[in-house]
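First to last, the protein sequences are chains A and B. Positions in the first sequence are counted from 1; adding 1 to them yields our numbering. Positions in the second sequence are counted from 1; adding 98 to them yields our numbering.
Since the hints were made in silico from the structure, they are not lab data. One should not assume that every hint holds.
Said to hold, decoys possible - Listed below are the simulated EDC-like cross-link pairs for lysine to aspartate or glutamate, each with C-alpha atoms no more than 16 Å apart in a straight line:
hint, chain 1, residue 1, chain 2, residue 2
1, B, 131, A, 486
2, A, 491, A, 481
3, A, 525, A, 549
4, A, 555, A, 469
5, B, 124, A, 431
6, A, 529, A, 481
7, A, 525, A, 208
8, B, 127, A, 469
9, A, 525, A, 489
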Amino acid sequence: MSKTESWGSRVGLILAMAGNAVGLGNFLRFPVQAIQNGGGSFIIPYLVCFLLMGIPLLYIEWAMGRFGGKQGHHSTPFILGAMDKRSFWKYIGVFGIFTNIAVAAYYCYLESWTLSWVWHSILGSFNGQTQAEVASFFNNYVSLTTAEPIIFWLLCLMLNTWILSRGLSGGVEAAAKIGMPLLILFGVFLAIKGITLKAGTQGAIHDGTVGLNFLWTPDFSTIWTPKVWLAAAGQIFFTLSVGMGSIQCYASYVRSKDDIALNAMSAGWMNEFVEVVLGSAIIIPIAIGYLGIDKVVELTASGGIGLGFKTLPYLFQQWGSVMAIIAGVLWFGLLFFAGITSSLAMGTPCMGFMQDEFAWSREKSAWTFGLVILILGLPTVLFFNYGVFDEYDYWAGTVSLVIFALVETILFAWIFGINKAWHEITNGADIKVPNIMKFIIKFVTPLFLGFVFIMSVPAIWGNIQNKDIKTQINYINNPETLRKEGNDLKAKLAGLDSATIFGDNIQTNTKLSKEQKSNILSYKNVMKIFADYTSDGFDKQTKLKELEKTILYKNISRVFLLLLWIGIAYLIRVAYYKRKREGRFLNIDEKF
Amino acid sequence: MNTSALIMMIGAMSTITLVTAYYFCKVLKTPPKAVDDNRPEINRPDFT
Chain A
2 MSKTESWGSR VGLILAMAGN AVGLGNFLRF PVQAIQNGGG SFIIPYLVCF LLMGIPLLYI
62 EWAMGRFGGK QGHHSTPFIL GAMDKRSFWK YIGVFGIFTN IAVAAYYCYL ESWTLSWVWH
122 SILGSFNGQT QAEVASFFNN YVSLTTAEPI IFWLLCLMLN TWILSRGLSG GVEAAAKIGM
182 PLLILFGVFL AIKGITLKAG TQGAIHDGTV GLNFLWTPDF STIWTPKVWL AAAGQIFFTL
242 SVGMGSIQCY ASYVRSKDDI ALNAMSAGWM NEFVEVVLGS AIIIPIAIGY LGIDKVVELT
302 ASGGIGLGFK TLPYLFQQWG SVMAIIAGVL WFGLLFFAGI TSSLAMGTPC MGFMQDEFAW
362 SREKSAWTFG LVILILGLPT VLFFNYGVFD EYDYWAGTVS LVIFALVETI LFAWIFGINK
422 AWHEITNGAD IKVPNIMKFI IKFVTPLFLG FVFIMSVPAI WGNIQNKDIK TQINYINNPE
482 TLRKEGNDLK AKLAGLDSAT IFGDNIQTNT KLSKEQKSNI LSYKNVMKIF ADYTSDGFDK
542 QTKLKELEKT ILYKNISRVF LLLLWIGIAY LIRVAYYKRK REGRFLNIDE KF
Chain B
99 MNTSALIMMI GAMSTITLVT AYYFCKVLKT PPKAVDDNRP EINRPDFT
């Protein structure tokens with residue numbers, strides 16, 4: 002963005018900021034998290050986390066961004082550097098560029114799937130296919146059996162880069178102004194279709210309200226479980242795009258006396274509307290309407306992507322050939338708009354850094370960003386089946402967010418100082434920010450973030466050790482372990498007859514406790530894996546080699562990500578000394 | 099739908115929709131500030 006770059010309009014800024022937050026997770030992750038964590042009662046911890054962690058972080062990041070913009074900084078290393086004299090802050094700010102680049106690297110590939118599925122919906126590729134055939138279409142796609150995934154991925158990368166090269170108001174803002182209203186329109190149409198689904202018509206076995214009932218029925222027994230709170234806090238992180246550095250970058254282009262408090266609330270709540278109101282009313286009601294609760298619970302155990310890409314195209318076929326095309330275009334079009342408005346936000350911090358520090362033109366910065374994403378994203382495309390995509394998502398899209406959000410909150414509230422921080426938030430505000438927010442930002446949010454981080458440490462350690470894959474290897478070598486686990490689970494189900502355990506409608510069986518339902522699901526899952534691993538057709542050596550290869554690729558991608566972080570840190574060091582030589586300063590009030 | 103699910107759903111959805119609409123309307127109704135941007139060009143590299 003050139004030095005005259007700024008937002009064209011306030012509505013454009015809010016739509017771009019909301020577009021940054023609204024992503025595929027609003028439609029694919031939120032409903033799945035709600036189902037896995039107590040249904041309707043998940044919304045209580047979720048909203049508490051939004052109020053105590055999400056909103057404060059929005060205020061913090063908007064305020065940091067505008068503060069940095071006043072000093073002429075548009076990326077987190079030098080925004081953080083301007084807030085405190087100590088030089089290590091600019092290296093903490095590396096996360097604000099690293100996360101965006103690493104997430105964009107795999108996210109653009111995911112985005113390209115939506116574009117491809119729109120194309121296939123128009124062509125009618127899923128017409129007459131069974132559910133297994135649609136699922137196998139997806140599996141073949143990610144296994145790169147044709148060059149099509151690469152073509153769509155390159156197309157998507159070029160589209161992102163081209164929009165970025167058109168600048169803030171001419172590119173990013175224009176895309177958000179088109180994408181966000183269409184996304185909401187498509188979402189409302191599909192939500193109405195999902196809710197009004199009638200059992201017995203077009204092959205549906207349940208009304209759409211059955212899915213809503215399942216999703217929203219509160220289970221207050223889970224509300225005091227740390228796991229549920231951790232899931233709710235995690236969802237708030239993903240959904241608001243906090244802890245990434247992109248909000249700071251967008252906010253740094255806000256004029257110095259303009260409001261940020263109302264803007265932050267408007268963009269943040271718009272994201273909540275898309276997630277809670279639209280996100281909960283599409284995928285689950287439609288899937289449960291056709292497949293039943295048990296099947297959907299089983300399908301969502303591994304996340305929402307499978308349901309969105311492998312199952313929904315099949316279910317849309319039940320609505321007739323014309324409606325299948327319309328629904329497919331609307332659903333994957335909606336996901337595409339959600340994706341592209343987020344990936345564009347990931348490009349701006351990197352571009353802002355190159356323009357601020359090395360005086361690059363916006364075109365040069367945009368095409369360089371595109372090239373970096375091409376190089377970094379290639380392993381996620383080529384080795385998707387070996388967990389590279391997931392590894393990027395875990396380290397850049399999960400762990401980094403929590404670390405950066407925690408550290409930036411401490412810097413803002415405790416080191417920059419809560420009084421200066423409060424002035425930054427309320428200066429030019431078009432709404433009254435409640436005074437309690439000052440207390441929340443200083444004490445509650447850092448404690449909350451600290452809790453989330455500490456509770457995540459065992460999972461992070463387990464991931465470093467590749468625990469999941471090693472357990473799988475152990476199961477393959479000793480299938481009897483699985484049988485023993487299955488028997489232990491079965492012992493917990495003593496008193497239940499086989500008809501109940503293996504029957505249908507487990508989730509709606511009121512005679513079963515939540516624990517029994519969960520044990521039945523685990524038991525079936527364990528015995529299914531046992532059957533797979535002990536079947537005659539199972540090729541033990543090939544599977545073991547595949548898993549060992551997965552560990553190798555995961556470790557290589559970690560090194561790759563680490564090198565990226567170090568490379569960005571090096572660039573920041575170069576930029577810092579360049580600034581010193583040129584007599585430019587980090588903070589306009591304090592020279593070097 | 100059972101009553102508790104209905105209460106949870108309508109309560110959450112209507113609250114979120116109303117708050118979203120309230121803030122967005124406030125944005126639309128608030129006139130823009132007539133302030134000059136005082137971002138320091140001096141702190142930027144030479145764009146030549």
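Is the Cα-Cα distance between residue 525 of chain A and residue 549 of chain A 16 Å or less? Not satisfied, since the Cα-Cα distance of roughly 26 Å exceeds 16 Å.
Straight-line Cα separation of residue 127 of chain B and residue 469 of chain A no greater than 16 Å? violated (53 Å)
With the threshold set at 16 Å, check whether the alpha-carbon distance from residue 529 of chain A to residue 481 of chain A stays at or below it. Within the cut-off at roughly 13 Å; holds.
16 Å limit on alpha-carbon distance, applied to hinted pair residue 491 of chain A and residue 481 of chain A: Roughly 15 Å between the alpha carbons, so the hint for residue 491 of chain A and residue 481 of chain A holds.
For the pair supplied as a hint, residue 555 of chain A and residue 469 of chain A, confirm whether the alpha-carbon distance does not exceed 16 Å. holds (12 Å)
Compare the distance between the alpha carbons of residue 124 of chain B and residue 431 of chain A with 16 Å, and conclude whether the hinted pair is satisfied. holds (9 Å)
If you draw a straight line from the CA of residue 525 of chain A to the CA of residue 489 of chain A, is it 16 Å or shorter? holds (12 Å)
Holds or violated: residue 525 of chain A with residue 208 of chain A, Cα cutoff 16 Å? It is violated: about 27 Å lies between the C-alpha atoms, which goes past 16 Å.
Residue 131 of chain B and residue 486 of chain A were given as a pair; does the straight-line alpha-carbon distance stay at or below 16 Å? violated (66 Å)
In terms of the numbered hints stated before, the structure departs from hints 1, 3, 7, 8, listed from lowest to highest.
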